[in-house]
Amino acid sequence: MSLDLLKTKGRPLAKQGFTWKDLVRKPISKLDCDAFSRVRVILMNGIEEEAMRFSHSCARMNKEWQKDLAMLRRVEQHQHTMINWLIPADHSPLETTIAYEQVAIEVTAALAQVEPDPYIAQSFRFGLLEDFDHMYRYSALLDRLEGKDANNILQSYTDVHPGRPTIIQHRHPHDDLRTPYDKNNTSPITKLNALTLVSGEQQTHNYYMNIGPLFTDPMARLLYAEIASIEEQHVTHYESLIDPEETWMEKWLMHEANEVYNYYSCVQTEDDPRLKEIWERFLDYELGHLNHVMELFKKFERRDPAEILPETLPTPISYKSQRQFVMDTLRAEVDLRTDGPNYVDKSQESEKSKRYRDTLNSEGSPTEIITQGYIWQPGGELNSPQIRNSIYPQ
Amino acid sequence: MKEHVHIGSNRTGIQMSPLDSKRMMQVAEKTPTTPMTDFSQSEFVKIRQEYIQESDDIGSVPPPGSLKGMASTGAELLQGIRPEAFIDKLGERLAFERTGARLYESVITKCQAAGVTEILTDLMRIHQEELEHFEIVKNAIEQIGADPTAVTPCADANGVTAMGLLQVAADPRTTVTQSLQTLLMAELTDNAGWELLIEMARKANMDAMADKFEAALSAEEEHLMTITSIYKQMNFDDMERGEDKSSSRHI
Numbered sequence: 001m002s003l004d005l006l007k008t009k010g011r012p013l014a015k016q017g018f019t020w021k022d023l024v025r026k027p028i029s030k031l032d033c034d035a036f037s038r039v040r041v042i043l044m045n046g047i048e049e050e051a052m053r054f055s056h057s058c059a060r061m062n063k064e065w066q067k068d069l070a071m072l073r074r075v076e077q078h079q080h081t082m083i084n085w086l087i088p089a090d091h092s093p094l095e096t097t098i099a100y101e102q103v104a105i106e107v108t109a110a111l112a113q114v115e116p117d118p119y120i121a122q123s124f125r126f127g128l129l130e131d132f133d134h135m136y137r138y139s140a141l142l143d144r145l146e147g148k149d150a151n152n153i154l155q156s157y158t159d160v161h162p163g164r165p166t167i168i169q170h171r172h173p174h175d176d177l178r179t180p181y182d183k184n185n186t187s188p189i190t191k192l193n194a195l196t197l198v199s200g201e202q203q204t205h206n207y208y209m210n211i212g213p214l215f216t217d218p219m220a221r222l223l224y225a226e227i228a229s230i231e232e233q234h235v236t237h238y239e240s241l242i243d244p245e246e247t248w249m250e251k252w253l254m255h256e257a258n259e260v261y262n263y264y265s266c267v268q269t270e271d272d273p274r275l276k277e278i279w280e281r282f283l284d285y286e287l288g289h290l291n292h293v294m295e296l297f298k299k300f301e302r303r304d305p306a307e308i309l310p311e312t313l314p315t316p317i318s319y320k321s322q323r324q325f326v327m328d329t330l331r332a333e334v335d336l337r338t339d340g341p342n343y344v345d346k347s348q349e350s351e352k353s354k355r356y357r358d359t360l361n362s363e364g365s366p367t368e369i370i371t372q373g374y375i376w377q378p379g380g381e382l383n384s385p386q387i388r389n390s391i392y393p394q
Numbered sequence: 395m396k397e398h399v400h401i402g403s404n405r406t407g408i409q410m411s412p413l414d415s416k417r418m419m420q421v422a423e424k425t426p427t428t429p430m431t432d433f434s435q436s437e438f439v440k441i442r443q444e445y446i447q448e449s450d451d452i453g454s455v456p457p458p459g460s461l462k463g464m465a466s467t468g469a470e471l472l473q474g475i476r477p478e479a480f481i482d483k484l485g486e487r488l489a490f491e492r493t494g495a496r497l498y499e500s501v502i503t504k505c506q507a508a509g510v511t512e513i514l515t516d517l518m519r520i521h522q523e524e525l526e527h528f529e530i531v532k533n534a535i536e537q538i539g540a541d542p543t544a545v546t547p548c549a550d551a552n553g554v555t556a557m558g559l560l561q562v563a564a565d566p567r568t569t570v571t572q573s574l575q576t577l578l579m580a581e582l583t584d585n586a587g588w589e590l591l592i593e594m595a596r597k598a599n600m601d602a603m604a605d606k607f608e609a610a611l612s613a614e615e616e617h618l619m620t621i622t623s624i625y626k627q628m629n630f631d632d633m634e635r636g637e638d639k640s641s642s643r644h645i
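Line by line, the protein sequences are chains A and B.
Under the working numbering, think of the first position of the first sequence as 1, with each following residue one higher.
Under the working numbering, think of the first position of the second sequence as 395, with each following residue one higher.
Source of the hints: derived by calculation from the structure; they are not laboratory data.
Among the hints, erroneous ones may be present.
[As the list claims (entries may be wrong)] For the chain A half of the interface with chain B, some residues (derived, Cβ under 10 Å), not all of them:
{"id": "1", "residue": "A35"}
{"id": "2", "residue": "N152"}
{"id": "3", "residue": "T158"}
{"id": "4", "residue": "P162"}
{"id": "5", "residue": "P310"}
{"id": "6", "residue": "P314"}
{"id": "7", "residue": "M327"}
{"id": "8", "residue": "G364"}
{"id": "9", "residue": "W376"}
[Stated by the list, open to error] Computed list of lysine-lysine pairs in DSSO-like fashion (alpha-carbon distance at most 27 Å, straight line):
{"id": "10", "chain 1": "A", "residue 1": "K148", "chain 2": "B", "residue 2": "K483"}
{"id": "11", "chain 1": "A", "residue 1": "K346", "chain 2": "B", "residue 2": "K424"}
{"id": "12", "chain 1": "A", "residue 1": "K63", "chain 2": "A", "residue 2": "K298"}
[To be verified] Going by beta-carbon spacing under 8 Å, a handful of chain A positions derived as facing chain B:
{"id": "13", "residue": "I87"}
{"id": "14", "residue": "A89"}
{"id": "15", "residue": "Q155"}
{"id": "16", "residue": "S156"}
{"id": "17", "residue": "Y157"}
{"id": "18", "residue": "D159"}
{"id": "19", "residue": "P218"}
{"id": "20", "residue": "D271"}
{"id": "21", "residue": "S321"}
{"id": "22", "residue": "I369"}
{"id": "23", "residue": "I370"}
{"id": "24", "residue": "Q377"}
For every residue, glycine included, the Cβ atom is placed at its ideal position computed from N, Cα and C.
My request is simple: use the sequences and hints to build the entire structure.
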């Protein structure tokens, strides 16, 4: 099914309503739900979170649109709630973290393969290898703190293996800034991809900042502090790919289009009928939002939305294991670093970044400490007699 | 909520995806590290120890606010012991009984919703007795001039411990049997808690108080027996139903 963005009206804003019972539904099952259904739930929560953050920023800078923004934002708030509340509380915060990193790995890898702009695709692969490393570090923490196997969440779709080591991901802020796409000379899919990834990373950063202090264990607090810092870098990295010359209204329109595209992707790939019904409903809602903003765009920018929107949506986001792509990327690009906006070999890395991380790592790196001697195995490392005998050797 | 556990599409184990799992293990085997030979000497353990040594405590025991109370009830009797240690454990019991009552309320609600009515009388009686025990501890704390509304460090630590129990009992998806296990864990701890409190009261020369605590302990012992018996019986019922293949959702 191809969706004509410019002609499909969706549900009008006035008919988009909720009740509290409607918002707080039966959550998915941690044990029985397919991991990619959880991936979709988490990503769509991130998409809604970005919608909220953008809308607030826009409202602070544009008084004339505050009423429209407030109207749409209230609906987004309730969509955000319904989706986020689908995650059941038997996920420990650390298990949810594993799921967040699975989202980062699988979605980034999927988008990197369809991204037509080589520099943007390179940027996605660069971020991918760093999130891939976070998975390894958090999996060790989950095993060594809670005695749990990360694969109970991952369901064998995503590997637990070092990527670009987190200890060397700490860069000077200037070395996280990329060259943005040119809004007039880039394809719509590039704009959508960048927005999707900045949404996911922003959500992950916020999540780690909220849950890091919930842990009593100092090792966990340290690990979240270190990786949350990288997630901030990733938000900087992905957001700098977006052309800052886009007007507020252009950005607003692209946000709505991206929400449509993401819900459309969920509808096309979801097997769980209960979730699919939510994705279909919200696709309808988002088409309503898009049409509302298209009218504002015509009124305030005096331009045709067709100038920046694709007529039909791109191919839906692929929700499947990207194991081979990730391993190929790891082999080829693990030694890439940055120097300003450029990707360079580690021998040419910016001196500013090296000095920056030398200070941060001068009392040790939590991500290195937690994974000392850690090799993932099914059921956790305590399945190994060698490891069991090493805990308190006789 | 389902009344019993059942066989379904649990996807957490590696047997659900043997091909992917095989590839995953092949990748993991290439992890560039060697397994630890002495975990206890790892940096991970050293960091934990370093933070333990450098840490503050959770907080403090508030000083008794009622000097009149202290004078009239026998501050002299508390001489020779550290009253804050006793007040801390009294505060813990008080918080435990109060949270315990709420825990029972969650489980009672679940039983009512599930139509498991045969155990309700026992659960409601125990709930009432937990509230009475709460009152006993509250009076004891007031008797020595301390503040029963304050959160002592042990009360706080127990509050954190109880969070998991409350989460399981309040989860609409957990079965009655799964919820009953939270009561069993609470009662096991509660029994040990009262035994300790009685001995502490006697060491503090508070024999009248200890006698009241003895009565509470007797009730708690009965609670533990009752909950253990119900819990076992419901688990046995689950197994026996499992042999009945007439319903596919039961094992």
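Starting from the hint list further up, note which numbers the structure goes against and sort them upward.
As far as the earlier hints go, 5, 6, 10, 13 and 20 are violated by this structure, in ascending order.
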